[in-house]
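S.K.: Sequence:
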Amino acid sequence: MVVSLRRGRDLDREQNISQSNRNVVPLTLVPFEIDELTELIDVVIEQAQVDKVTRRMAQKLSDPGSFTILCTIENYAFAKALCDLGANINLMLLAIYINLGIDRARPTSMLLQLADRTVKRPIGILDDVLVQVGKFVFPANFVILDFQVDGEIPIILGRSLLAAGRALIDCETGELKMRLNNKEIIFNVQQFMRRPNKFANCRQWRQLM
1 MVVSLRRGRD LDREQNISQS NRNVVPLTLV PFEIDELTEL IDVVIEQAQV DKVTRRMAQK
61 LSDPGSFTIL CTIENYAFAK ALCDLGANIN LMLLAIYINL GIDRARPTSM LLQLADRTVK
121 RPIGILDDVL VQVGKFVFPA NFVILDFQVD GEIPIILGRS LLAAGRALID CETGELKMRL
181 NNKEIIFNVQ QFMRRPNKFA NCRQWRQLM
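Position one of the sequence shown corresponds to residue 1 (our numbering), numbered consecutively onward.
Everything labelled a hint here was simulated from the structure, so no lab data went into it.
Don't be surprised by glycine CBs; every beta carbon is placed ideally from N, CA and C.
Some hints here could point you the wrong way.
[As the list claims (entries may be wrong)] Pair by pair, the computed Cβ-Cβ distance ranges are: (1) L111 x Q148: 36 to 42 angstroms; (2) L111 x I169: 37 to 43 angstroms; (3) V119 x N182: 42 to 48 angstroms; (4) L94 x T173: 44 to 50 angstroms; (5) I98 x R159: 25 to 31 angstroms; (6) A77 x I186: 17 to 23 angstroms; (7) G86 x R166: 29 to 35 angstroms; (8) N181 x D128: 16 to 22 angstroms.
Produce the complete structure using the sequences and hints provided.
M.R.: In structure tokens form, the structure reads like this:
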């Protein structure tokens, strides 16, 4: 039974609230010195630094340089053909194309944007060129560009040829591996970079009868 007082208050409700207040445990404040808090923060930071130092880190290595390989087209050998994963085409300079003496380049409406932001229109596209890399031979299409001949990098091999050769590049060891069927060939970029400059230009191989 609820007993109502003259002012409209319920006696039972007030008794329940009073009983609940007696069951509440008072909050006790523990004094904490600023110096102790600072020491605790210092310990946490120091431990984090120790964990960071003891964590195994990767070793810093020098730049292996550009990956170039020796390849042969027709009777010409190129000592430093650049393997460029950033290029979606195989590129050959016009002077190299003329020296090869292959008169079957087809016209194209392609436009190329060079690294200096200039736009060039290729002379044409050379289809189904046989590129010999070591003991492997791969067919490739080359875009012919009229540009100043680079004696160090006469041709560029793009992703299409590298994909055909299932190329694997190891930047740590400076090695490029090409595979065909169950065979493979490995190129060492440091070995090719040490070649004398006179071998950088393409040279013709004359077949002896």
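S.K.: Now, for every hint given, state plainly whether the structure supports it.
M.R.: Right, here's what the structure says about each hint:
For the pair L111 and Q148, the supplied restraint of 36 to 42 angstroms is violated, since their beta-carbon distance comes to about 19 angstroms. Taking the beta carbon of each, L111 and I169 are about 29 angstroms apart, not inside 37 to 43 angstroms as hinted. A hinted range of 42 to 48 angstroms for the beta carbons of V119 and N182 is consistent with their spacing of about 44 angstroms. Here the CB-CB span from L94 to T173 is close to 36 angstroms, at odds with the stated 44 to 50 angstroms.
A hinted range of 25 to 31 angstroms holds for the C-beta pair I98 and R159, which are about 26 angstroms apart. Under the hint 17 to 23 angstroms, the C-beta atoms of A77 and I186, about 19 angstroms apart, fit the expected range. Under the hint 29 to 35 angstroms, the C-beta atoms of G86 and R166, about 19 angstroms apart, miss the expected range. For the pair N181 and D128, the beta carbons lie near 20 angstroms from each other, so the given range of 16 to 22 angstroms is met.
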